[in-house]
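Trainee: Here are the chains, one letter per residue:
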Amino acid sequence: MPLLAKVQSFLRNLLSTRRADVELDREVHSHLELLTDENIRAGMPSKEAERAARLELGGIEQVKEQVREERLGNWLHSVFSDGRYGVRQLRKNPGFTAVAILTLALGIGATTAIFSVVYGVLLRPLPYPNPNRIMAVFEVTSKGRPSRLADPNFDDFRDQNHSFQAIAKYNSNIVSISGSSQPTRATVAGVTPGFFKVFGVQPIIGRDFSTGDNKKGAAPAVLVSYGYWKQYLGSSPDLSQSRLKIDNAVYSVIGVLPAGFQFPPDVSLWLPADLDGENTSRTSHNYSAVGRLRDGVTAEHANQDISSIARRIHETSSEQGDYLLKDATVIPLRDSITGNVRSPLLVLLGAVGFLLLVACANVANLLLAQASVRERELAVRSALGAARGRLIRQFLTETFLLSLVGGGLGVLGALLGVAGLVALAPENLPRLESVSISIPVLAFAFLLSTAVAAGLGAFTAVRATSGDLRKGLEEGGRGQAGSQSSQRIGRAIVAAQIAITLVLVIGAGLLGRSLMKVLELNPGFRVDKIVTMDVSLPWLEDPKAKASQGIFFSNLIGRLKQLPGVRNVGATSGLPLDGGGGLPDGMFLLMTQNEVPKNFDGFQALTLQKERIGNADFGVVTDGYFQVLQIPLIRGRIFDERDGADSPHVAVISDSLARDRWLGQDPIGHTIEFGNMDGDLRLLTIVGIVGDVRYYGLDVPPRPTVYVNLFQRPRSAISVTMLSDADTQSVTTEARGILHDLDPEIPTRFRTFSQVYSASLGSRRFNVILIGFFGITALVLATIGVFGVMAYSVSRRTREIGVRVALGAASGEVLRMILGQGLRTIFVGVAIGIAGSLALTRTVESLLFAVTPTDPLTFGAVTLLLVGAALLACFIPARRATKVDPMVALRYE
Amino acid sequence: MSPEQTSLLQGTLDLLILKSLIAGEMHGLGISRRIQQITSGTFVVKPGSLFPALHRMEEEGWISSFWGDSENNRRAKYYRLTKPGRKQLALETRRWGRISWAIAQALETS
Numbered sequence: 000m001p002l003l004a005k006v007q008s009f010l011r012n013l014l015s016t017r018r019a020d021v022e023l024d025r026e027v028h029s030h031l032e033l034l035t036d037e038n039i040r041a042g043m044p045s046k047e048a049e050r051a052a053r054l055e056l057g058g059i060e061q062v063k064e065q066v067r068e069e070r071l072g073n074w075l076h077s078v079f080s081d082g083r084y085g086v087r088q089l090r091k092n093p094g095f096t097a098v099a100i101l102t103l104a105l106g107i108g109a110t111t112a113i114f115s116v117v118y119g120v121l122l123r124p125l126p127y128p129n130p131n132r133i134m135a136v137f138e139v140t141s142k143g144r145p146s147r148l149a150d151p152n153f154d155d156f157r158d159q160n161h162s163f164q165a166i167a168k169y170n171s172n173i174v175s176i177s178g179s180s181q182p183t184r185a186t187v188a189g190v191t192p193g194f195f196k197v198f199g200v201q202p203i204i205g206r207d208f209s210t211g212d213n214k215k216g217a218a219p220a221v222l223v224s225y226g227y228w229k230q231y232l233g234s235s236p237d238l239s240q241s242r243l244k245i246d247n248a249v250y251s252v253i254g255v256l257p258a259g260f261q262f263p264p265d266v267s268l269w270l271p272a273d274l275d276g277e278n279t280s281r282t283s284h285n286y287s288a289v290g291r292l293r294d295g296v297t298a299e300h301a302n303q304d305i306s307s308i309a310r311r312i313h314e315t316s317s318e319q320g321d322y323l324l325k326d327a328t329v330i331p332l333r334d335s336i337t338g339n340v341r342s343p344l345l346v347l348l349g350a351v352g353f354l355l356l357v358a359c360a361n362v363a364n365l366l367l368a369q370a371s372v373r374e375r376e377l378a379v380r381s382a383l384g385a386a387r388g389r390l391i392r393q394f395l396t397e398t399f400l401l402s403l404v405g406g407g408l409g410v411l412g413a414l415l416g417v418a419g420l421v422a423l424a425p426e427n428l429p430r431l432e433s434v435s436i437s438i439p440v441l442a443f444a445f446l447l448s449t450a451v452a453a454g455l456g457a458f459t460a461v462r463a464t465s466g467d468l469r470k471g472l473e474e475g476g477r478g479q480a481g482s483q484s485s486q487r488i489g490r491a492i493v494a495a496q497i498a499i500t501l502v503l504v505i506g507a508g509l510l511g512r513s514l515m516k517v518l519e520l521n522p523g524f525r526v527d528k529i530v531t532m533d534v535s536l537p538w539l540e541d542p543k544a545k546a547s548q549g550i551f552f553s554n555l556i557g558r559l560k561q562l563p564g565v566r567n568v569g570a571t572s573g574l575p576l577d578g579g580g581g582l583p584d585g586m587f588l589l590m591t592q593n594e595v596p597k598n599f600d601g602f603q604a605l606t607l608q609k610e611r612i613g614n615a616d617f618g619v620v621t622d623g624y625f626q627v628l629q630i631p632l633i634r635g636r637i638f639d640e641r642d643g644a645d646s647p648h649v650a651v652i653s654d655s656l657a658r659d660r661w662l663g664q665d666p667i668g669h670t671i672e673f674g675n676m677d678g679d680l681r682l683l684t685i686v687g688i689v690g691d692v693r694y695y696g697l698d699v700p701p702r703p704t705v706y707v708n709l710f711q712r713p714r715s716a717i718s719v720t721m722l723s724d725a726d727t728q729s730v731t732t733e734a735r736g737i738l739h740d741l742d743p744e745i746p747t748r749f750r751t752f753s754q755v756y757s758a759s760l761g762s763r764r765f766n767v768i769l770i771g772f773f774g775i776t777a778l779v780l781a782t783i784g785v786f787g788v789m790a791y792s793v794s795r796r797t798r799e800i801g802v803r804v805a806l807g808a809a810s811g812e813v814l815r816m817i818l819g820q821g822l823r824t825i826f827v828g829v830a831i832g833i834a835g836s837l838a839l840t841r842t843v844e845s846l847l848f849a850v851t852p853t854d855p856l857t858f859g860a861v862t863l864l865l866v867g868a869a870l871l872a873c874f875i876p877a878r879r880a881t882k883v884d885p886m887v888a889l890r891y892e
Numbered sequence: 000m001s002p003e004q005t006s007l008l009q010g011t012l013d014l015l016i017l018k019s020l021i022a023g024e025m026h027g028l029g030i031s032r033r034i035q036q037i038t039s040g041t042f043v044v045k046p047g048s049l050f051p052a053l054h055r056m057e058e059e060g061w062i063s064s065f066w067g068d069s070e071n072n073r074r075a076k077y078y079r080l081t082k083p084g085r086k087q088l089a090l091e092t093r094r095w096g097r098i099s100w101a102i103a104q105a106l107e108t109s
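Those sequence lines, one after another, are chains X and A.
Residue numbers for the first sequence, in numbering that gives the first Met the number 0: 0 to 892.
Residue numbers for the second sequence, in numbering that gives the first Met the number 0: 0 to 109.
Calculated directly from the structure, the hints in this document are not laboratory data.
Some clues are possibly wrong.
What the hints assert, rightly or not - Pairs of lysine-lysine, BS3-like flavour, derived with a Cα cap of 30 Å:
#: 1; chain 1: A; residue 1: 82; chain 2: X; residue 2: 63
#: 2; chain 1: X; residue 1: 244; chain 2: X; residue 2: 46
#: 3; chain 1: X; residue 1: 215; chain 2: A; residue 2: 86
#: 4; chain 1: X; residue 1: 63; chain 2: A; residue 2: 76
#: 5; chain 1: A; residue 1: 76; chain 2: A; residue 2: 18
#: 6; chain 1: A; residue 1: 86; chain 2: X; residue 2: 229
#: 7; chain 1: X; residue 1: 214; chain 2: X; residue 2: 609
#: 8; chain 1: X; residue 1: 63; chain 2: A; residue 2: 18
#: 9; chain 1: X; residue 1: 46; chain 2: A; residue 2: 45
#: 10; chain 1: X; residue 1: 46; chain 2: A; residue 2: 76
Claimed, not checked - Rough simulated footprint, nothing fancy, chain X against chain A, three-plus residues with beta-carbon under 8 Å:
#: 11; stretch: 50–58
#: 12; stretch: 65–78
What the hints assert, rightly or not - Label-pair restraints from in silico Cβ distances:
#: 13; chain 1: A; residue 1: 93; chain 2: X; residue 2: 131; range: 51 to 57 Å
#: 14; chain 1: A; residue 1: 45; chain 2: X; residue 2: 837; range: 56 to 62 Å
#: 15; chain 1: X; residue 1: 20; chain 2: A; residue 2: 93; range: 51 to 57 Å
#: 16; chain 1: A; residue 1: 23; chain 2: X; residue 2: 18; range: 24 to 30 Å
#: 17; chain 1: X; residue 1: 18; chain 2: A; residue 2: 85; range: 24 to 30 Å
#: 18; chain 1: A; residue 1: 23; chain 2: X; residue 2: 80; range: 35 to 41 Å
#: 19; chain 1: A; residue 1: 23; chain 2: X; residue 2: 20; range: 27 to 33 Å
#: 20; chain 1: X; residue 1: 80; chain 2: A; residue 2: 93; range: 40 to 46 Å
#: 21; chain 1: A; residue 1: 45; chain 2: X; residue 2: 42; range: 18 to 24 Å
#: 22; chain 1: X; residue 1: 44; chain 2: A; residue 2: 45; range: 21 to 27 Å
#: 23; chain 1: A; residue 1: 24; chain 2: X; residue 2: 484; range: 49 to 55 Å
#: 24; chain 1: X; residue 1: 484; chain 2: A; residue 2: 45; range: 29 to 35 Å
#: 25; chain 1: A; residue 1: 23; chain 2: X; residue 2: 78; range: 35 to 41 Å
Being a predicted model, the structure only gives us computed values, none of them experimental.
Glycine included, each C-beta is placed from N, C-alpha and C at the ideal position.
Start from the sequences, fold in the hints, and give me the full structure.
Mentor: Laid out in structure tokens, this is it:
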């Protein structure tokens with residue numbers, strides 16, 4: 000049939016349905032008359048002739064409906080009519096409709112909100128051309144963990160690989176940028192040429208770095224981000240006069256990168272790496288690396304390529320030991336950014352999926368109750384000629400209406416929810432800025448609503464139209480047909496709901512208990528009343544200039560101590576729990592008093608003597624730091640006025656290091672060489688042992704630590720810690736004034752130590768709050784579900800209960816009967832739920848702390864809570880059952 | 000009619016309707032009786048199958064319809080073959096020939 004005719008017929012059917020229907024009616028009636036005539040001619044009496052004709056025809060309405068079904072173009076029309084009918088149905092039961100829509104909105108909205116985070120963080124492609132070709136390159140340590148790269152190793156990877164069309168290394172540093180009105184602290188990246196080619200971006204103004212820019216002694220050049228250019232350089236297209244003073248050196252701005260390019264995150268300035276020359280050590284891991292795969296090369300291929308280079312280095316290098324790479328690995332950049340948060344986010348998504356299931360179960364039960372109320376209506380429609388498929392479609396239409404309206408509301412809710420999620424999200428969640436209700440998220444919400452609608456619709460339709468519908472007419476008076484089996488299904492749904500809720504609440508319970516366990520730990524320091532102040536001076540190499548920075552800090556601390564309300568002041572190179580980076584770690588050497596290595600080659604040579612080697616974190620602190628944080632002195636002494644810049648250098652070590660390295664000996668008085676950390680090869684004499692401090696996180700065991708004295712080993716960036724009884728605001732203002740007084744060009748940042756402490760618990764808290772919220776919501780929904788099914792069952796059994804009471808059943812027996820029925824459902828649900836939890840909580844094991852995935856306390860408490868809530872939900876309908884008046888009940892209906 | 004038969008009979012029914020209309024225009028009952036006659040009573044087409052097929056074939060453009068008077072002066076809807084309908088009949092006939100030949104072949108091989 001030609002397309003035109005099809006369209007014509009389609010339109011005809013759409014536009015002139017009424018006329019077509021009238022004509023069809025006439026045709027079928029005329030057929031009936033013709034049949035009757037035929038029968039009369041065959042000799043039947045007229046009455047019987049008509050009856051026989053009707054029998055042969057098989058129902059006027061059925062025939063008409065069959066023709067309508069056959070008609071092209073009919074479907075759209077019937078969808079409209081189903082839709083209209085559905086809306087009417089839903090409006091007739093505003094209570095049911097509102098509850099169903101809100102429940103679906105809750106489920107779909109919560110799932111959409113969490114999906115938007117999962118999509119934004121884990122799935123959304125990086126905003127660069129062919130982002131899946133961008134790889135991160137890591138060395139693999141002797142312990143098998145990925146690590147950053149040492150300069151010569153990177154050079155080998157760059158020069159010997161056959162897999163990358165561009166490969167570059169980068170690091171990031173905090174610097175002070177001065178020259179403008181307000182000195183700012185900024186994170187800048189040091190990068191090698193080719194860095195921007197890896198990402199496939201080019202400066203929109205000016206030029207990219209060339210190899211010349213990275214040569215030692217080249218004129219300092221900087222590339223700026225689009226945002227920085229707009230904000231600080233006035234969007235000027237002429238860069239020839241643009242200069243920035245970064246840590247005391249003046250850089251010419253040579254280019255502006257396109258808007259949206261921001262890698263590493265938070266960086267808005269890019270400098271050439273290695274302006275001071277490369278580090279020649281293969282065991283100093285200072286750079287990260289990225290590369291863009293050549294066309295046709297797979298990640299797997301590149302991995303083997305880089306790995307073989309790495310193993311060659313491992314075998315041939317003169318530098319051996321734990322710090323030399325053992326292997327190398329190549330993984331997609333996106334995965335390397337999100338690796339740590341993948342499993343917690345997927346757990347969240349799973350949890351919210353469970354919540355959605357529980358919500359759907361409630362709606363399914365509501366629909367089931369609705370469907371049994373509508374049995375008569377269905378019976379009538381089917382008698383009037385509606386085919387089963389047509390009825391099923393009617394149900395699907397109604398659930399589609401519910402789900403789409405619910406989904407729409409849910410997406411509106413998710414818009415708000417996402418803002419909340421982003422605000423609540425821990426600082427360490429990467430790519431948070433790309434979380435939003437985007438087109439793919441909307442598509443997800445739509446598909447989800449459709450899936451929910453199809454599932455619910457199919458379920459109710461099959462339930463409602465199975466069996467012989469005509470029974471509905473016969474028993475219609477009682478309205479009880481099919482109620483037995485639909486109640487059985489209702490109870491099965493509730494049992495499933497209880498099971499899912501149990502899993503969810505147990506998961507929330509385990510995470511909550513982990514958080515409590517973490518909070519119970521002794522972190523090794525005090526947290527309250529401490530204000531921290533990050534100060535970074537320009538980074539300097541020259542020992543004399545560094546010494547002047549030590550004097551600067553000494554002055555600063557001295558003046559801060561005078562502030563009213565300030566009890567004590569200290570300083571440290573790294574605060575505990577601050578961003579998870581902890582202190583840098585390295586390899587130190589045990590020495591005797593007089594054998595100072597003359598240079599780093601001497602140091603390297605000594606590292607070959609295994610018995611001298613120790614590993615520890617390296618902290619640069621003042622005596623006040625131990626006092627302010629109340630890190631206990633175990634033996635010996637901390638730093639004091641004896642330890643001037645020119646006195647013999649001393650060190651304080653942590654308890655765990657004393658036990659690790661000097662087992663059964665007294666480390667006090669021993670000397671160590673740790674000059675690889677700060678370039679000062681003078682020996683350190685151990686003078687004291689202090690308590691262990693958890694730097695990396697409350698849930699990470701403390702690491703052995705060597706502390707040196709800031710006044711002997713000055714450095715440019717420190718965090719000042721002030722123990723103060725005065726309020727934070729006034730301390731901050733006065734401290735800022737003092738710093739400005741000493742040098743107005745130095746940027747700073749203030750926090751309370753409680754903020755630092757609290758932020759370190761961010762991801763744990765995020766998970767507990769969200770999964771807790773999902774668990775509680777599921778619990779409420781499941782309780783409503785139990786209540787609904789039980790109340791419905793009691794109302795359906797009113798007659799039966801009335802008969803029982805009339806025949807002498809005591810109210811206690813009725814109560815027991817109803818509760819017993821509820822309890823069976825609850826126990827089935829709980830049993831499945833516990834089995835499910837035992838199987839599923841293992842997936843959250845990595846998120847737990849000091850709690851096993853099968854923690855009996857959590858399992859027990861949650862089960863009790865759930866059974867309690869469910870029993871309460873049973874109890875109200877059961878009580879109502881005992882109040883049934885047999886006279887009223889028997890007259891019922 | 001059991002569901003297994005429906006699919007086979009779908010094409011068959013179209014073919015039989017087209018074939019019976021070769022003789023000239025006919026109303027629904029006439030077509031039904033004609034089919035019964037030409038198949039020697041093997042196929043009895045019920046209105047529930049006949050009318051949907053007629054309407055579908057009309058939309059396909061194989062047949063056209065008009066209202067006329069029956070032999071005992073009843074108003075009835077008549078159907079007649081169109082040009083595409085004749086083409087379709089030829090096509091269906093050939094197809095059916097192939098199928099029946101193939102089936103016969105299949106049944107003869109032991």
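Trainee: All hints, please: hold or fail.
Mentor: Each hint tested on the structure:
1. 82(A) <-> 63(X): This hinted pair holds, its Cα atoms lying about 28 Å apart.
2. 244(X) <-> 46(X): It is violated: about 109 Å lies between the C-alpha atoms, which goes past 30 Å.
3. 215(X) <-> 86(A): violated (87 Å)
4. 63(X) <-> 76(A): holds (15 Å)
5. 76(A) <-> 18(A): Holds, at about 18 Å.
6. 86(A) <-> 229(X): Cα-Cα ~74 Å, so violated.
7. 214(X) <-> 609(X): violated (37 Å)
8. 63(X) <-> 18(A): Given pair residue 63(X), residue 18(A) holds - Cα atoms ~25 Å apart, limit 30 Å.
9. 46(X) <-> 45(A): Holds, at about 21 Å.
10. 46(X) <-> 76(A): It holds: about 25 Å lies between the C-alpha atoms, which stays within 30 Å.
11. 50–58: holds (count 6)
12. 65–78: Holds, because 6 residues of the stretch 65–78 of chain A bring their Cβ atoms closer than 8 Å to Cβ atoms of chain X.
13. 93(A) <-> 131(X): 51 to 57 Å: holds (54 Å)
14. 45(A) <-> 837(X): 56 to 62 Å: For residue 837(X) against residue 45(A), whose Cβ atoms are near 59 Å apart, the range 56 to 62 Å holds.
15. 20(X) <-> 93(A): 51 to 57 Å: violated (37 Å)
16. 23(A) <-> 18(X): 24 to 30 Å: holds (27 Å)
17. 18(X) <-> 85(A): 24 to 30 Å: This hint holds: roughly 29 Å between Cβ atoms.
18. 23(A) <-> 80(X): 35 to 41 Å: holds (38 Å)
19. 23(A) <-> 20(X): 27 to 33 Å: holds (29 Å)
20. 80(X) <-> 93(A): 40 to 46 Å: Check passed, 41 Å falls within 40 to 46 Å.
21. 45(A) <-> 42(X): 18 to 24 Å: holds (23 Å)
22. 44(X) <-> 45(A): 21 to 27 Å: At roughly 24 Å between Cβ atoms, residue 45(A) and residue 44(X) fall inside 21 to 27 Å, so the hint holds.
23. 24(A) <-> 484(X): 49 to 55 Å: Because 53 Å falls inside the window, the suggested range holds.
24. 484(X) <-> 45(A): 29 to 35 Å: holds (34 Å)
25. 23(A) <-> 78(X): 35 to 41 Å: holds (40 Å)
Hint compliance for this structure: hints 2, 3, 6, 7, 15 are broken, all remaining hints hold.
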